[in-house]
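Protein chains: 2
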Amino acid sequence: MDKEKFIISKFQNKFIGDDGAVVGSYVYSKDLFIENSHFKKEWLSFYEIGRKAMMVNISDAIVMNAYPKYALIGLMLPKNTSLSDIVELNKGIKDSCLKYGIEIIGGDTISSNLIGLSVTIIAKTKRPIYRKALKDGEILAFTGNLGGSLKGLKALLNGGKIGKNSRFKNIILRDKFFYKASRYINSAMDISDGLKSDLPKFLKNKDIKLRYNFNKFEFNSGEEYEILFSCYKKNIKALKNIAKKTRTKVTFFAEVKRGRYRKYGKSEHF
Amino acid sequence: MDKEKFIISKFQNKFIGDDGAVVGSYVYSKDLFIENSHFKKEWLSFYEIGRKAMMVNISDAIVMNAYPKYALIGLMLPKNTSLSDIVELNKGIKDSCLKYGIEIIGGDTISSNLIGLSVTIIAKTKRPIYRKALKDGEILAFTGNLGGSLKGLKALLNGGKIGKNSRFKNIILRDKFFYKASRYINSAMDISDGLKSDLPKFLKNKDIKLRYNFNKFEFNSGEEYEILFSCYKKNIKALKNIAKKTRTKVTFFAEVKRGRYRKYGKSEHF
Numbered sequence: 001m002d003k004e005k006f007i008i009s010k011f012q013n014k015f016i017g018d019d020g021a022v023v024g025s026y027v028y029s030k031d032l033f034i035e036n037s038h039f040k041k042e043w044l045s046f047y048e049i050g051r052k053a054m055m056v057n058i059s060d061a062i063v064m065n066a067y068p069k070y071a072l073i074g075l076m077l078p079k080n081t082s083l084s085d086i087v088e089l090n091k092g093i094k095d096s097c098l099k100y101g102i103e104i105i106g107g108d109t110i111s112s113n114l115i116g117l118s119v120t121i122i123a124k125t126k127r128p129i130y131r132k133a134l135k136d137g138e139i140l141a142f143t144g145n146l147g148g149s150l151k152g153l154k155a156l157l158n159g160g161k162i163g164k165n166s167r168f169k170n171i172i173l174r175d176k177f178f179y180k181a182s183r184y185i186n187s188a189m190d191i192s193d194g195l196k197s198d199l200p201k202f203l204k205n206k207d208i209k210l211r212y213n214f215n216k217f218e219f220n221s222g223e224e225y226e227i228l229f230s231c232y233k234k235n236i237k238a239l240k241n242i243a244k245k246t247r248t249k250v251t252f253f254a255e256v257k258r259g260r261y262r263k264y265g266k267s268e269h270f
Numbered sequence: 001m002d003k004e005k006f007i008i009s010k011f012q013n014k015f016i017g018d019d020g021a022v023v024g025s026y027v028y029s030k031d032l033f034i035e036n037s038h039f040k041k042e043w044l045s046f047y048e049i050g051r052k053a054m055m056v057n058i059s060d061a062i063v064m065n066a067y068p069k070y071a072l073i074g075l076m077l078p079k080n081t082s083l084s085d086i087v088e089l090n091k092g093i094k095d096s097c098l099k100y101g102i103e104i105i106g107g108d109t110i111s112s113n114l115i116g117l118s119v120t121i122i123a124k125t126k127r128p129i130y131r132k133a134l135k136d137g138e139i140l141a142f143t144g145n146l147g148g149s150l151k152g153l154k155a156l157l158n159g160g161k162i163g164k165n166s167r168f169k170n171i172i173l174r175d176k177f178f179y180k181a182s183r184y185i186n187s188a189m190d191i192s193d194g195l196k197s198d199l200p201k202f203l204k205n206k207d208i209k210l211r212y213n214f215n216k217f218e219f220n221s222g223e224e225y226e227i228l229f230s231c232y233k234k235n236i237k238a239l240k241n242i243a244k245k246t247r248t249k250v251t252f253f254a255e256v257k258r259g260r261y262r263k264y265g266k267s268e269h270f
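Going line by line, the protein sequences match chains A and B. Note that full-length UniProt numbering has the first sequence beginning at 1, numbered continuously upward. Note that full-length UniProt numbering has the second sequence beginning at 1, numbered continuously upward.
In short, the hints are calculated from the structure, not lab data. Treat the hints with care, as some may be off.
[Claimed, not checked] Restraint ranges, calculated between C-beta atoms of paired labels, are given here: (1) S45/B - K240/A: 51 to 61 Å; (2) K41/A - D95/B: 28 to 38 Å; (3) R247/A - N170/B: 34 to 44 Å; (4) L98/A - K5/B: 16 to 26 Å; (5) G160/B - K3/A: 26 to 36 Å.
Even for Gly, the Cβ is constructed at its ideal location relative to N, Cα and C.
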């Protein structure tokens, strides 16, 4: 058992396994976004740091079919952070809040050697979508194109530069498609660790195999924040319509069959 | 304007100024507890780190007169953290949760150079207590003894050792007194930065002076997590009774009078 699994096992609770915890009609999610763990300082502007920290958290609310309402923000900032950097960071956070109608209701600021944000999103939902055990015949799909984030990360790790629209810098969330599509969707999660390590988490039941060959997809790219979901075959048409209307690419890539799930080796984390 | 004030001004929202944000009957609070900002690794055991991170957050819920129910926990842990350290950290967190009936509902774990916890507490209240502007004649009081935390911190900064019951290591919260006393209390906050810097925050109105001489109190000691509160004079007797019943020391130390509040120099942060 690796260390992360050990930690998760020690903190086991009935909510674990989903992107957020549902209590009544609220969905709570919390993700850290910390220098040297998620990014190098020179890779992102302060604006981009603020925006990405918010977007990875908003993503959790969306894939639970919840509307983000409030945010609590913990800020770790080095003592030498300039006032203009703070203004930029704040703008990155605020722009994301504005886009999704989120009100910042509290938080904490400390000086630290590392730049870091801890974001808690409080979202509301009438019908949360969980990661459920899949049934025979269900279809798996994902939104968008995979691979952009890994491509950006590789360029950065090699000392290169990436454009401001690289997926690594600028996450695109699929809320427009997903909220409309939610009534046709059985189970969902965001692709944050790469399909290779997220897919086994999604396939909670152990006796499943996937019918399609999908070597053509980018399996290793994490931090895509595209949505992996399942639906019944009869709903594919409705979903394709919503995808078209919301100009969202959706790839239906596999069908659930009883059998053993084929593993794809060890996942690679940054 | 110092940098912290600048940051707070940029993130200004209508909830700022209280220990938690009240939304409906819920109170949300979030504090970071990060190595080298709040503690040195060698000062606290992993058990003590977990416990203190929880207690400083639970404190925020209590002083809002709210009962903590759920927690989200973001963990930053160095790659070389041993499994037994993780077990200890978990035990420190869990013991505090058990004591206050808190259920952990989610969180996030990442590897980082720094040990750190970001805790969000979701609490319930029927009658939140805010930091309100004080009225002429109101009495100020605080629970417990001040100074223990600073004494511990000074010993540690001088390379000394402190006992496991030092206030710096082991925070005592005044929930038993405070929940019972809440109906007699007008305004409250926890003493996290020391009375010297917390008192001006508490005295929101600018035209106040305090009647008593209180040079005998420890003004500089932060992280006490004793409670600073205000009440009407007529309620002192009832509060003294509750203090006696719950074996809680309470010091009524000042009376609010119109006039200018006397400043006590610059506050010192660790």
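Do the hints match the structure? See the list:
| no. | hint | result |
| --- | --- | --- |
| 1 | S45/B - K240/A: 51 to 61 Å | holds, 57 Å |
| 2 | K41/A - D95/B: 28 to 38 Å | holds, 37 Å |
| 3 | R247/A - N170/B: 34 to 44 Å | violated, 57 Å |
| 4 | L98/A - K5/B: 16 to 26 Å | holds, 24 Å |
| 5 | G160/B - K3/A: 26 to 36 Å | holds, 33 Å |
The structure fails hint 3 only (numbered hints given earlier).
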